[in-house]
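S.K.: Single-letter residue listing:
2 protein chains.
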Amino acid sequence: MPPHPNPLVDALPATIPFVAPERTERETGTAFEARLGANEGNFGAAPAATAAMARAAREAVRNYPDPESWALREALATRLGVALEEIVVGPGIDGLLGLIVRIFAREGDKIVTSLGAYPTFNYHVAGYGRRLATVPYRDDREDLDALAATARAENAAIVYVSNPDNPMGTWWDAAAIDAFCDAVPERTLIVLDEAYGETAPAGTLPPINTARPNLIRLRTFSKAYGLAGLRCGYAFGTKALIAPFDKVRDHFGVNVMAQAAALASLGDRDWLAGTLGKIAAARDEIARIGGDNGLTALPSATNFVTLDCGRDGDHAMAVLKGLMAGGVFVRKPMAPVLDRCIRVSVGRPEELAHFATTLPIALAQARGDA
Amino acid sequence: MPPHPNPLVDALPATIPFVAPERTERETGTAFEARLGANEGNFGAAPAATAAMARAAREAVRNYPDPESWALREALATRLGVALEEIVVGPGIDGLLGLIVRIFAREGDKIVTSLGAYPTFNYHVAGYGRRLATVPYRDDREDLDALAATARAENAAIVYVSNPDNPMGTWWDAAAIDAFCDAVPERTLIVLDEAYGETAPAGTLPPINTARPNLIRLRTFSKAYGLAGLRCGYAFGTKALIAPFDKVRDHFGVNVMAQAAALASLGDRDWLAGTLGKIAAARDEIARIGGDNGLTALPSATNFVTLDCGRDGDHAMAVLKGLMAGGVFVRKPMAPVLDRCIRVSVGRPEELAHFATTLPIALAQARGDA
Chain A
1 MPPHPNPLVD
11 ALPATIPFVA
21 PERTERETGT
31 AFEARLGANE
41 GNFGAAPAAT
51 AAMARAAREA
61 VRNYPDPESW
71 ALREALATRL
81 GVALEEIVVG
91 PGIDGLLGLI
101 VRIFAREGDK
111 IVTSLGAYPT
121 FNYHVAGYGR
131 RLATVPYRDD
141 REDLDALAAT
151 ARAENAAIVY
161 VSNPDNPMGT
171 WWDAAAIDAF
181 CDAVPERTLI
191 VLDEAYGETA
201 PAGTLPPINT
211 ARPNLIRLRT
221 FSKAYGLAGL
231 RCGYAFGTKA
241 LIAPFDKVRD
251 HFGVNVMAQA
261 AALASLGDRD
271 WLAGTLGKIA
281 AARDEIARIG
291 GDNGLTALPS
301 ATNFVTLDCG
311 RDGDHAMAVL
321 KGLMAGGVFV
331 RKPMAPVLDR
341 CIRVSVGRPE
351 ELAHFATTLP
361 IALAQARGDA
Chain B
1 MPPHPNPLVD
11 ALPATIPFVA
21 PERTERETGT
31 AFEARLGANE
41 GNFGAAPAAT
51 AAMARAAREA
61 VRNYPDPESW
71 ALREALATRL
81 GVALEEIVVG
91 PGIDGLLGLI
101 VRIFAREGDK
111 IVTSLGAYPT
121 FNYHVAGYGR
131 RLATVPYRDD
141 REDLDALAAT
151 ARAENAAIVY
161 VSNPDNPMGT
171 WWDAAAIDAF
181 CDAVPERTLI
191 VLDEAYGETA
201 PAGTLPPINT
211 ARPNLIRLRT
221 FSKAYGLAGL
231 RCGYAFGTKA
241 LIAPFDKVRD
251 HFGVNVMAQA
261 AALASLGDRD
271 WLAGTLGKIA
281 AARDEIARIG
291 GDNGLTALPS
301 ATNFVTLDCG
311 RDGDHAMAVL
321 KGLMAGGVFV
331 RKPMAPVLDR
341 CIRVSVGRPE
351 ELAHFATTLP
361 IALAQARGDA
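Respectively, the protein sequence lines represent chains A and B. Throughout the first sequence, residue numbering follows the UniProt record's numbering, covering 1 to 370 in sequence. Throughout the second sequence, residue numbering follows the UniProt record's numbering, covering 1 to 370 in sequence.
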């Protein structure tokens, strides 16, 4: 008998968290004209990051990366006002989520998340043989009270919350998040995914306080900073929670381009402020386009806008397919109730113009008017 | 009680596979003048790779990488003469080794390797709660007969062999590797690490044959191709062995720079031939410098030369410390018998000149002549 995956891996489905737009492009033979589906940094990277990448391409790619991401962690520690030992850098939040599930739960442990929240987190939970307990959204927001109650009832090892939320774009203010953290049992690790933290209104992110013994917060350079392709995210929390990552992580896994570009980006606050302005304007424009076509835009604290298509999931799926066929890459929530919506990432003006042209056609087709 | 790592992670040591030269530089406050310790691509990357990185910096970093590494896998499949489904790309061989241990063994399973072979493999074995069985080197080469016999005796899930070998630089020819594969029980997965395959003499690498049901071969762009900083490696084998990676890997973990630069590098065969010539010349020069100082160079099929310091491990460690103090970053084997040696990576002429100047001083200090 040849080697075979162990029973845990063998039993996993062959599905992956996301089908990439590149696959659709290969299958259709057509490139998307507007890439508005993955909440990327369509306004590009900071000029300082581009310069840092050019330097790294000349001088650093031949060498292994610094396995401690020292310079980047130092800059992050200063910015956040925490100790170096309270931060770990990883190859994107995705990689860090996998490590968290691997480190802080045992096989069979219960892990709580919202039904319809980030699928890559669920992928890691299943991949390590942990068990999910899900809580429905309430009024298109993660239901903090129910999440805390379920964490308690299930004696959960981990509870996952994203704030601002993906895929709905909604958010809670810092006081609500703090109250939620207080309500979660101390033995349950709270994973607070703040991938969209930079684009949220003031008062959304709780003050940095690494004294809470059961909280890890996650941030990324993939969204506002426009560096999704380089894979760079970080986690921070107490030293006791951060130290174990070093026992199992792929130490040389954060590449030199990611470390260099992320560090340079941090230094360019004016560029970030300008980009946040563009993101806010694009959100307004997506909401306006939706409104012109009879769709309700959910309030958003992220770099995307979730549009309520006003009917059921099948209808929204038909709208999504029409948009894709018209050269607009978008995605949509899949869980019941949420699935009435499509999710449109902020894009450059020409991309949103293409969206504006394609949406009425897709809607007419989906409604059967065409 | 706050959250705590699970018992498996909790019991792991806090050590990491390698201390980085960046840490030594931070601690001493002095930059190394010659970086000859990590078997990197000191002759740089292909010009085509540099151009591809510049393009990617402008156009691609804002977007998530293609999670299927389609273009790169297509080029590799053509080059190797295998199917696309027989290749998986990962963030360096390190990341792939972790996945192999995770997929193809259960907790408590025995995994066989040579005593003193690649520590990162052992790190993953421990990290996933698998158990190591080690086989001593024989005459400074991995002992293929003993590895196969141990795999059989231990009913091992996996046996790991690197050819050419790290840290000794020695190698077996293709016929010996094929005979070894025949001798390993079919139920044991053979992991053949060919990180140094490009620098080996003709006849070292077995012909590509993905029919063998228990063989995964690993290659990298970190060595001959000079792209260690980008993290790009790949594995190939039967479809049955490659398919399970998609169930657990971090799909978006191979960054856009790695995919673009690796693909471009593959296309520049003249550059590779030139670089291999420089590597061979630098090996000769390291052997000459060693010989001039009374040290025996082991034959090498890699981008480093292992020098026998002629006494015990303590002496070789003293030589290494003298070199490090003199601005030469080198590493050394640590297992008994092998530990009489230091390992010197190929470098640019000015780096080897600095090594030539520093070595006699380090040797005199180690011998107590100074």
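Because the hints were derived from the structure by calculation, they are not lab data. Be careful, since some hints might not be right.
The list makes no distinction among identical chains, and a pair is therefore deemed to hold if it is satisfied within one copy or across any two copies.
With a straight-line Cα cutoff of 25 Å, these simulated SDA-like cross-link-like pairs (lysine to any residue) come out [unchecked claim]:
id	residue 1	residue 2
1	K278	D308
2	K278	P185
3	K321	L276
4	K239	I208
5	K278	R55
It should be emphasised that the depicted structure is a prediction, and the values quoted were computed from it without experimental measurement.
S.K.: Run every hint past the structure and note whether it holds.
M.R.: Tested hints:
1. K278 with D308: within (23 Å within a copy, 62 Å between copies)
2. K278 with P185: neither (40 Å within a copy, 61 Å between copies)
3. K321 with L276: neither (30 Å within a copy, 50 Å between copies)
4. K239 with I208: For K239 and I208, the Cα distance is within 25 Å only inside one copy (14 Å; across copies 48 Å).
5. K278 with R55: Close across copies (24 Å), not inside one copy (28 Å); limit 25 Å.
Of the numbered hints listed earlier, those contradicted by the structure are 2, 3.
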